[in-house]
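Student: Each chain, written out:
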Amino acid sequence: MSTPVLEVNNLKTYFFLGENVIPAVDSVGFSVNYGETLGIVGESGSGKSVTALSIMRLIPNPPGKIVGGQILFEGEDLLQKTEEEMRKIRGNKISMIFQEPMTSLNPVYTVGSQIAEAIILHQGLSKKDALKKSEQLLEMCKVSLPKKRLNQYPHELSGGMRQRVMIAMALACDPLLLIADEPTTALDVTVQAQILELMKDLQRKTGTAVLFITHDLGVINEIADKVVVMYCGRVVECGKKEDILKSPEHPYTKGLLNSIPVIDGPKKPLRPIRGVVPSPNEISHGCRFRSRCDYVMDKCEKEPPLMNIGDRLVRCWLVHNFEK
Amino acid sequence: MLRYVIKRIFFLFPILLGMTVVVFLMLHLAPGDPIDLIVGPNVTPEIRENIRHQYGLDRPLPIQYLHFLGNLLKGDLGTSIIQHRPVAEIIIQRFPVTLELSVAGLLISFLVAIPIGVKAAIKRNTLTDYICMVTSLVGISMPTFWLGLMLLYIFAYKLRLFPVSGYGTWKHLFLPALTLGFTDAALTARMVRSSMLEVIRQDYIRTARSKGLSEKLVINRHALKNALIPIITLLGLRIGWIMGGSVVLEIVFTRPGLGRMMIEAILARDYPVVQGGMVVLTTAIILGNLFADLLYAIVDPRIKLR
Ligand SMILES: Nc1ncnc2c1ncn2[C@@H]1O[C@H](COP(=O)(O)OP(=O)(O)OP(=O)(O)O)[C@@H](O)[C@H]1O
Ligand SMILES: [Mg+2]
Chain A
1 MSTPVLEVNN LKTYFFLGEN VIPAVDSVGF SVNYGETLGI VGESGSGKSV
51 TALSIMRLIP NPPGKIVGGQ ILFEGEDLLQ KTEEEMRKIR GNKISMIFQE
101 PMTSLNPVYT VGSQIAEAII LHQGLSKKDA LKKSEQLLEM CKVSLPKKRL
151 NQYPHELSGG MRQRVMIAMA LACDPLLLIA DEPTTALDVT VQAQILELMK
201 DLQRKTGTAV LFITHDLGVI NEIADKVVVM YCGRVVECGK KEDILKSPEH
251 PYTKGLLNSI PVIDGPKKPL RPIRGVVPSP NEISHGCRFR SRCDYVMDKC
301 EKEPPLMNIG DRLVRCWLVH NFEK
Chain B
1 MLRYVIKRIF FLFPILLGMT VVVFLMLHLA PGDPIDLIVG PNVTPEIREN
51 IRHQYGLDRP LPIQYLHFLG NLLKGDLGTS IIQHRPVAEI IIQRFPVTLE
101 LSVAGLLISF LVAIPIGVKA AIKRNTLTDY ICMVTSLVGI SMPTFWLGLM
151 LLYIFAYKLR LFPVSGYGTW KHLFLPALTL GFTDAALTAR MVRSSMLEVI
201 RQDYIRTARS KGLSEKLVIN RHALKNALIP IITLLGLRIG WIMGGSVVLE
251 IVFTRPGLGR MMIEAILARD YPVVQGGMVV LTTAIILGNL FADLLYAIVD
301 PRIKLR
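If you're matching them up, the sequences are chains A and B in order.
Take 1 as the starting number for the first sequence in my numbering and just add one per residue.
Take 1 as the starting number for the second sequence in my numbering and just add one per residue.
Certain hints may be false.
Claimed, not checked - Covered by chain A, according to a simulated footprint, are these stretches of chain B (three or more residues, beta-carbon under 8 Å):
(1) 93-107
(2) 170-182
(3) 208-215
(4) 295-303
If you're looking for bench data, these hints aren't it; they were derived computationally from the structure.
Every value quoted in this text rests on a predicted model; they were computed, and no experiment measured them.
For each residue, glycine too, the CB sits at the ideal point set by N, CA and C.
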């Protein structure tokens, strides 16, 4: 098998707030192959964004710090790179789209100059050529009247349009990996569907690998090849999309699936996961999901390791017996 | 953008008109008979009435105002009672002295305050930040005239590096401009710092970093322009403050500006000069505000919609 474009091993990103240490990302690992889409799901606070920002090495420090692990990008550990070397990667080989299209663009610069900026920086094009390329990118992202948009300011565009601009900006330098942190969460459902369609389409054309973060399993179903389910800074389940959506093993994944409505198919009652995500200092030992788990048992006082069943990883004692 | 500019200039007229009413009434409703100021109390009633008629002071107030306004539009601010010269002529001589100091003070203030405010924000809660902020607190608490006197004493009187008084060369301008600039910079630096702290937490700054821009570009290109928007908004308010400051410093540094002219005119009860001086000073402040608003529109593209 060829090396994956991104391989994260044992990543630990902690936040140090006075006496409190918050393990926002705790021993997380996964890999993304060239041209593949990996979905990361989990409730709010499970550490998805922190994982993404760790890969970009953009964790605000203080209070955050990557305290351990490896982030292998094309086989090289990003955690060993200098800030200077990281700058050549960001926006060039790895780029990122954020959740809030309304606030993620700079209000005082035109759309064109914001897209062209990365092209000028990484590809050394002249301003004129970079703007021409920006126009093509906008067209590729199905923005209407691309030439006119170049000279418009973000406040003149709708949310969906701005997210298209963000995507154009992220794809400006033909990255190998695109990290999309809930790119559709802030948008209307119809616009959401259009953006997802666009991203799928672009991925087919460009062959960029995508790390797609969402808390919406419906979106995962649309776009992902593989899925990582995160809970409280831990990976609890990881495998092929079909396997995970059809036959989830971890009680948390089951809970997530039970708490979304099904439109076609037999009606079944919604069963949201009871309780709330525990705050990080409430979890000291044992399985982090046990306070909300329907299958909790004595063994759960000890935290289960990630166990291999089939070609899937599950962190639950329930599957212990089936291991290997 | 053009519409915004035209609208702003259009609104200038009622403001200027209101200002002339206020200046006019202030002097005409003030207690005391202006004739006393012109001739003193020991003249016969006939002469008094004669002079009253000559100055048009026997006519009803609205007529007097219209007369004043009409002359103003012609550029006629009346004649100085003491110097027997047109007030406009005196002001044309004095105004550049005040303007020069105000502009120089503002420039020094911004040149000092912006880098310091930005530095303090980037290095917040470090020694650099504390030093910048304590210094600026001292600057804010220090009265302008007192700092002026201290600088005058040390650099002009003791070290003899600069002239003690007068007007003309950059050496004459340096100390008062530094005084004005420093006290204003103290406040501006604090505003820049807090505005910058607000801006660097914004999502678009994270976007800029995610493009691979250097920290320097992120701050200077993406953060600074946004951080200056509130500073420019407040610039309009502070132009009056700056002009007031330079008027005070004209006394300390014996500069022949509008401020000195006003003080002399008030003491000598030369009321046409006081009136003319007030009209010109307030007009300058109003135009300064307009300038700040236009600058704001240039920096913040969102303003054009409103
Ligand atoms: N800047 C920060 N300072 C302190 N703690 C932080 C910071 N950013 C994140 N955290 C901690 O990390 C945890 C995980 O945050 P993260 O943003 O990764 O969640 P998420 O999975 O992206 O959730 P959401 O769906 O709401 O975006 C949070 O619960 C919080 O405790
Ligand atoms: Mg998030």
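Student: Run every hint past the structure and note whether it holds.
Tutor: Right, here's what the structure says about each hint:
1. Residues of the region 93-107 of chain B lying with their CB closer than 8 Å to a CB of chain A number 0, which falls below the three-residue condition for coverage.
2. Given as covered by chain A, the region 170-182 of chain B fails the check, having 0 residues with a CB less than 8 Å from a CB of that chain where 3 are the minimum.
3. Under a criterion of three residues with beta carbons nearer than 8 Å to beta carbons of chain A, the stated coverage of the region 208-215 of chain B is upheld, 7 such residues being counted.
4. For the region 295-303 of chain B, the stated coverage by chain A holds: 4 residues have a C-beta nearer than 8 Å to a C-beta of that chain, and at least 3 were required.
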